[in-house]
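Participant: For reference, the chains in residue letters:
Protein chains: 2
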Amino acid sequence: MAKGITTRAENYSQWYNELVIKADLAENSAVRGCMVIKPYGYAIWEKMQAVLDKKFKDTGHENAYFPLFIPKSFFSKEAAHVEGFAKEVAVVTHYRLKNDEVNGGVMVDPDAKLEEELIIRPTSETIIWNTYKNWIQSYRDLPIKINQWANVVRWEMRTRLFLRTAEFLWQEGHTAHATRQEAVEETEKMLDVYADFVENWMALPVIKGVKSESEKFAGAIDTYAIEALMQDGKALQAGTSHFLGQNFAKAFEVQFANKEGKLDYVWATSWGVSTRLMGALVMAHSDDKGLVLPPKLAPIQVVIVPIYKTEEQLSEISRTAIKIKSELESKGISVKFDDRDFQSPGWKFAEYELKGIPVRLALGPRDMEKGSVEIARRDTLEKSFRSQEGLADYISDLLDEIQTSIYQKALAFREEKTTHVSNWEEFKEVLESKGGFISAYWDGSPETEEKIKQETKATIRCIPLDNEKNSGTCMYSGKPAKYKVIYAKSY
Amino acid sequence: MAKGITTRAENYSQWYNELVIKADLAENSAVRGCMVIKPYGYAIWEKMQAVLDKKFKDTGHENAYFPLFIPKSFFSKEAAHVEGFAKEVAVVTHYRLKNDEVNGGVMVDPDAKLEEELIIRPTSETIIWNTYKNWIQSYRDLPIKINQWANVVRWEMRTRLFLRTAEFLWQEGHTAHATRQEAVEETEKMLDVYADFVENWMALPVIKGVKSESEKFAGAIDTYAIEALMQDGKALQAGTSHFLGQNFAKAFEVQFANKEGKLDYVWATSWGVSTRLMGALVMAHSDDKGLVLPPKLAPIQVVIVPIYKTEEQLSEISRTAIKIKSELESKGISVKFDDRDFQSPGWKFAEYELKGIPVRLALGPRDMEKGSVEIARRDTLEKSFRSQEGLADYISDLLDEIQTSIYQKALAFREEKTTHVSNWEEFKEVLESKGGFISAYWDGSPETEEKIKQETKATIRCIPLDNEKNSGTCMYSGKPAKYKVIYAKSY
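Protein sequences, first through last, are from chains A and B. When we follow this note's numbering, the leftmost residue of the first sequence carries the number 2, and every step to the right adds one. When we follow this note's numbering, the leftmost residue of the second sequence carries the number 2, and every step to the right adds one.
What the hints contain is simulated information worked out from the structure, not anything from laboratory work. Hints may be right or wrong, so weigh each one.
Identical copies look the same in the list; a pair holds intra-copy or inter-copy alike.
The calculated lysine-lysine pairs, modelled on DSS-like cross-linking and capped at a C-alpha distance of 25 Å, are [what the hints assert, rightly or not]:
id	residue 1	residue 2
1	K490	K134
2	K490	K454
3	K326	K310
4	K260	K483
5	K384	K410
6	K23	K134
7	K48	K146
8	K349	K58
9	K55	K332
10	K23	K58
11	K99	K78
12	K452	K371
13	K260	K146
14	K114	K88
15	K23	K146
16	K99	K114
Go ahead and model the full structure; you've got the sequences and the hints to work with.
Facilitator: What follows is the structure, encoded as structure tokens:
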């Protein structure tokens, strides 16, 4: 246990809360439900952003920026959307403060009331489609493929750092197309982009699928999602991509003249991932000693800790450490040499285990004599000694191996925690004793889905895209199955 | 004139407004005072961000993220700050909407009133210093050098795209130091970072200086600023760096134990630049045909336009264009080949002049025969022919030359528009007839400053850092001068 963090076995939820704070990723702010993302946490988020942003641009998207505020009336325009998003929102009603002559301090100026209240965006479909209306006249204006990096606010009652906060950071892609097929392809392509990112950068395997009616985005025809499994056997939705059909085009009157000169409504998609991914990253790989970061997203990939008694030893070790650092950096590896003299090596070891630095190198007087270095892997906690000769190549390969190994471990865990069940008793038994993903047949009815949710809190995470054609019977109702789906309790 | 843009001579202000919209940089949104930054404008902003972000990191800063909301009471804690910032702000009073049973649509739920109203940050000193309080105990926790990229809201009554909008994007650095000297050095260093950016990337010369008492940031001891001159002879404040002394540390009770174990208040700085820089970029260099972008910030540096009659000609030209494009790209130059068949070359020429692409290459059948290419510079509108041989090196050099040339032109303009005056009559005469920067002696009194402002609308832009020791008399009051300052009308 690092610095008194609760173990996962004791209390997984508390372990997570403490780890996020002790590893300096984020903390609660003075504003209820809003977090401060600290430099170390933000550095990881920036790495995520850079990778995703490049993927978006490589797939033909451009960034833009739309207003933080949405006029209240916009939320009434798309019937399903208003139900899903117009409720728990932050509402701006006034635009001025004045000195409070009675109580001191400042007060809201009652004379500065807005004619129409403004909503802090919980998501931007409405303001964006209201804008696209003016950008689109003909098929030549299509497709529009825009992404924005932004903050959004949803007034959640129960919040947890990264997983569910009132304000969070995200990207939201909003695209407009001339045909249904093109929009569906876009929706699926962006799901693939997300899956590729989560699997190959976050080292976390995902199931790609479609949401059931009850779980889909308010205003979508189809919501595609990627679902990942956390170490406590609960699922986490890591990203969503929505095929919106012509719903928003109709709500905001966005028509275009097609090649034949006929007017048609525009087809839409939207897709997003958020700082919630930070929560997934922590929960998927970390252990009782602290974070375990995949090398591809670690702000510091290698830390070098000197072990010395005398100033002379330190200065000799420093020369070697700085040489190693620059050799590693020339291979694009980010390295920190921690020569602070007011912390012991033991304290530093624990600190960098807590922070999840993938590789730790220790250099002591014996290493100086022998030309060796001690290498510790954060993921397996294995230690070994190696020659300083050819170290950069070795570390470069080791980082790749760690990335793969973390993924493989998460994949093996998911496979072990995925169970096919064929009847209701088995379902309840597996859910309680083992948790994880439960694969089962479903009759496709919202009633069945709702009853299962009420009785067990498990929900249909998705209908996997690689769904085999149904051949069984619903594990709950016994009726002919429509789909084989994935159930789980979830975040 | 491009596509019916008002000329600068006709109406400079209208020229600017039209240009920002027609060049697809930004537009007004459905929300009063808030803009939509369109992909082309955002691409320029992203380039600015990338350069600045690297400079911040190279000078030892880290990024983080603090909440959008600030509790109302925080604004009462720093006396000067409350006067300057707690007035025209967006106030969140409620956190829920509900269906409006009477009128349809949605309405603010009166039951969901916040106990304490939340202010959308107009700047984040208060919430950040309230956070730093928990981060700082000892001198070992210092310095803290954090930057955040964020949106902020100031409820401006009169707004103009980029120059003054209710919501804008910016970065705000907030640093905490153990000594006054270190904080002052930080303030000055960041001013230098801004000046370097504006001069060497935006190609815009600036004067570095300190603000007078009346113009400084609410809560600062000293506000340093860089001032640039626009083509209409008005000044634009392009960036500010504030030495905050111990004001915020005292307001939020942030003390640290120094090396001797004694408690002291922490010293602070803050510094920021915003999307206002986009306005400066447009106003400084552009002409009646459209934008003129410095190559270092142009999202597309070179455009290739094919000129052809037959499909055969196009396919031959395309082969050459694609070869040229890839040669240029291998030198890190961003290139667009516009082979759209539904727009004429003439239309494209006007379009890319409007968009400010630094270099345009045209390739026609004659060029194919002769192995030549027509090169047009956007800044000077000069055209020339060259061999396709060795083109990439030539263009690479040409882009550097354009960058320098744009800067030199702006510098010559500023020099021509900077006048030293020694008496009040001369001041008024120069201000009305010529405008620009007026250098003059000032007695240092707020009364003089205020009278000059009331009579002429000109303000003291700054007391230049390279201020020569006073040896004259105030051009207004005739009293002994304290400083030689720069006056101008400003944005």
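Participant: Take the hints in turn and mark each one as holding or not.
Facilitator: Checked hints:
{"no.": "1", "hint": "K490 with K134", "verdict": "neither (40 Å within a copy, 39 Å between copies)"}
{"no.": "2", "hint": "K490 with K454", "verdict": "within (9 Å within a copy, 66 Å between copies)"}
{"no.": "3", "hint": "K326 with K310", "verdict": "within (22 Å within a copy, 59 Å between copies)"}
{"no.": "4", "hint": "K260 with K483", "verdict": "neither (39 Å within a copy, 71 Å between copies)"}
{"no.": "5", "hint": "K384 with K410", "verdict": "within (19 Å within a copy, 62 Å between copies)"}
{"no.": "6", "hint": "K23 with K134", "verdict": "between (47 Å within a copy, 17 Å between copies)"}
{"no.": "7", "hint": "K48 with K146", "verdict": "both (23 Å within a copy, 20 Å between copies)"}
{"no.": "8", "hint": "K349 with K58", "verdict": "between (40 Å within a copy, 24 Å between copies)"}
{"no.": "9", "hint": "K55 with K332", "verdict": "both (21 Å within a copy, 20 Å between copies)"}
{"no.": "10", "hint": "K23 with K58", "verdict": "between (35 Å within a copy, 24 Å between copies)"}
{"no.": "11", "hint": "K99 with K78", "verdict": "between (35 Å within a copy, 14 Å between copies)"}
{"no.": "12", "hint": "K452 with K371", "verdict": "neither (68 Å within a copy, 78 Å between copies)"}
{"no.": "13", "hint": "K260 with K146", "verdict": "within (20 Å within a copy, 56 Å between copies)"}
{"no.": "14", "hint": "K114 with K88", "verdict": "both (21 Å within a copy, 13 Å between copies)"}
{"no.": "15", "hint": "K23 with K146", "verdict": "between (40 Å within a copy, 20 Å between copies)"}
{"no.": "16", "hint": "K99 with K114", "verdict": "both (13 Å within a copy, 19 Å between copies)"}
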